[in-house]
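Undergrad: Heads up: the sequence lines are chains A and B, in that order.
In case it helps, this note's numbering puts the first sequence at residues 79 to 453.
In case it helps, this note's numbering puts the second sequence at residues 1373 to 1769.
Source of the hints: derived by calculation from the structure; they are not laboratory data.
Remember, it's a predicted structure, so these values are computed and weren't measured experimentally.
The beta carbon of each residue, even a glycine, is placed where N, CA and C say it ideally should be.
Each hint should be verified, as a subset may be incorrect.
[Said to hold, decoys possible] Looking from chain A toward chain B, a few residues come up when the C-beta cut is under 8 angstroms (computed): (1) 251; (2) 252; (3) 272; (4) 276; (5) 405; (6) 418; (7) 444; (8) 448.
[To be verified] Calculated cross-link-like contacts (lysine-lysine; reagent style DSSO-like; alpha-carbon spacing at most 30 angstroms): (9) 215(A) / 1641(B); (10) 331(A) / 1641(B); (11) 350(A) / 331(A); (12) 1645(B) / 289(A); (13) 1549(B) / 1572(B).
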Amino acid sequence: MDFKLNEDRRMLDETLTRFLADKYEITKRNEIAYSDAGHDANIWKEIAELGIIGALFTEDEGGFSGEGFDIALVFEALGKALCPEPFLGALLAGKALVAGGADHATMLEDIVTGAKIGAVGFEEEASHYELAHVASKATKNADGYELDGVKSVVTHAQIADVIIVSARLSGDVDDTAGLALFAVPAGVDGLSIRDYNNVDGGRAGEVILSKVKIASNALIAEGEAAFALLETLAGYAHLALSAEGLGIMEVMKLQTLEFLKLRTQFGVPIGKFQVLQHRMVDLVLEIEQARSAVINAATLSDDAVIRGKNLSAAKLTIGETGHKVAEEAIQLHGGIGMTWEMPVSHYAKRLVMIDHQFGDEDYHLARYIELSKSA
Amino acid sequence: MDLNFSAEEEAFRGEVQAFLKEKLRPELSAKMKLGGAPSKAEMEEWHALLNDRGWLANHWPKEYGGAGWAPVKKFIFELESELAFAPRIVPFGVSMLAPVLIKYGSDAQKKYWLPRILDGSDWWCQGYSEPGAGSDLASLKTSAVREGDHYIVNGQKAWTTMAQHADMIFCLVRTSKEGKCQEGISFLLIDMKTAGIDVKPVITIEGGHEVNEVFFTDVKVPIENLVGEENIGWTYAKYLLTYERTNIAGIGGSIALLGHLKQAAQKRKKHGKPLLDEPYFAARVARVEIALENMKTTNLRVLADVAAGGAPGAESSLLKIKGTVIYQELTSLMRRAMGAYAAPYFPEAADEGFNGQVGPDEALHAAEDYFNHRKLSIFGGSNEIQRNIVSKMMLGL
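Make the full structure from the sequences, and use the hints.
TA: Take a look at the structure:
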């Protein structure tokens, strides 16, 4: 048994944490996160040059590690800095392109090196996190495919060079059969993006597909394989977002602890009041539980049921604990925790909004129960 | 045991409903329903309509231009207003300062300031908290030193809601450092246009501007603006803090939001069926609905006590704790119901002609509203302080 990071990962963690702390001082981070771009192209370039994105991929995929623990490590560090760069898009679009095979090798290489930016659009207005609920249509024709539909709240859609979207070749709107995944290149005719900032910073957009014509080799997967791939990709998102949430909680823990020691009322630091001490202890305990959940998920078990249960357990735990940590950290700070000026408010926003990506607590509770039946 | 309002009270409820139907502009109510904050002009508009009807200062005695309503009538009015998504009466002048002036002010002060609150000549804000005096309010440091016919005020107030709109501020200031810290506090009325006052906006978590810091540098305040006696201000401040808090749970607002949430969750779909019918979400809604139903009766029990002549004491603290938690949970459920569409952020939505929204209508302010309402358990005496009050006053601990 050994829960320590190995030497390579320890070095990666140190390099990345130091780099991000240097680049994303909170005022600077907010400027970037709430800008029209929603990220900083220069910093992204530097991150790419450091080779960080490669840590998310195996050697076969063009990276240098790519295990669950590497993904967790990178995203925890991103969470600690509230980094608004398109890492999740790189991870998910990259893994999709791997599945797409030789036709997508060049784009994959560019994603892994950071030369190009990827995004994924799986959500729709009526899907409420259900991956199979796809109303967007794909029609096969002599030259390839034509896509029609709207993908909702696609993170970093407007800066993406490629957007991986789900669309339906056949079947009813909720069927797992009849789905397909496509790599839609930026700038293609009929593709438009209505973009906006997110409440927690960063940028997303509605991806509107109107008679978008793409070549037949833009297809990444179809049939049952498409749904299986969607689930695999969502699984990577569950792990990445859970680890990001964990990083955020670790920072909020320190911020709140420091505040309890510094803030004086009634002549003593408020951390001397037992009622606040116990609430802080409860937060620390729950954050330790969340770390264990992320570790369980990061094993990415070969057994699909165990893997899925661990991933949903982690995302549910982060959703539930994150909600509690965000609310309690603000409450323990009092009024000052409610201000834009205090970093803790921005950490709270990102932490809560993680529950709105790739399934909330209720979604993962239902999924966990469903998977338990099949075990 | 009778849980119903009397026939006379029901008739009054009908009168209030008819007034709201006639006078509340649908656009304003729709904006409030979606979590938008009323502008100063909209608040002034609403105050003027209420004043015309004689309902603005509804709890003041009639001799001062009030309606002299008993607590039950006031409660019914506020409940119905909240259910209709009307703006709230801005409390600082009407509900906070006025009762203090009526009880402790000089005749000249009553005669001058009360009509100006009614007709909107003065907008008031409250100068209580300071950076170092939040929960421990009595440790406040802003000083007022007597020099001839004036006090010279120096210091800083924090979390001053609407200071950016206010003509006047009522302030707790330190006039003596002798004795216990509660003993050297005075209650002073200060013109916001006086030289030496500086208002700085404080932007809150969701990006809104409701609160401010107010700085005082050698601000000259005429001594006739002292309310009551020097160094007794803490007594007045406490009176203000416990005055008529029978609606502090905000039941009407919660009932209205619950109805709005159910409508929204009926429209949101999961597997093609309403989210409201999805068992996990339905369970969350049912739990908060049950808590709210219970709270309604708890609130009516306190109200009946007060109507029978009891003073609302620590009971209002119980109402505040549970009432705020229920409202916060409702904002949390609205955010959840919006799914991915809770994320898009349109701070420019208040601008004229905005039509850039994406997703369902209810998503526009759902997340902002959730984050903004974290304030409910912090301001007006945090829920921790309310628990202190209950344990001391009700339980004798």
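Undergrad: Could you run down the list of hints and mark each one as holding or not?
TA: Hint by hint, here is what the structure shows:
1. 251: holds (7 angstroms)
2. 252: holds (6 angstroms)
3. 272: holds (6 angstroms)
4. 276: holds (4 angstroms)
5. 405: holds (7 angstroms)
6. 418: Holds, because the Cβ-Cβ distance from residue 418(A) to chain B comes to roughly 4 angstroms (cut-off 8 angstroms).
7. 444: holds (6 angstroms)
8. 448: Hint on residue 448(A): violated, closest Cβ of chain B at ~12 angstroms, above 8 angstroms.
9. 215(A) / 1641(B): At roughly 19 angstroms apart (the allowed maximum being 30 angstroms), residue 1641(B) and residue 215(A) satisfy the hint.
10. 331(A) / 1641(B): violated (36 angstroms)
11. 350(A) / 331(A): The given pair, whose Cα atoms are some 17 angstroms apart, holds under the 30 angstroms limit.
12. 1645(B) / 289(A): It holds: about 29 angstroms lies between the C-alpha atoms, which stays within 30 angstroms.
13. 1549(B) / 1572(B): holds (28 angstroms)
Of the numbered hints listed earlier, those contradicted by the structure are 8 and 10.
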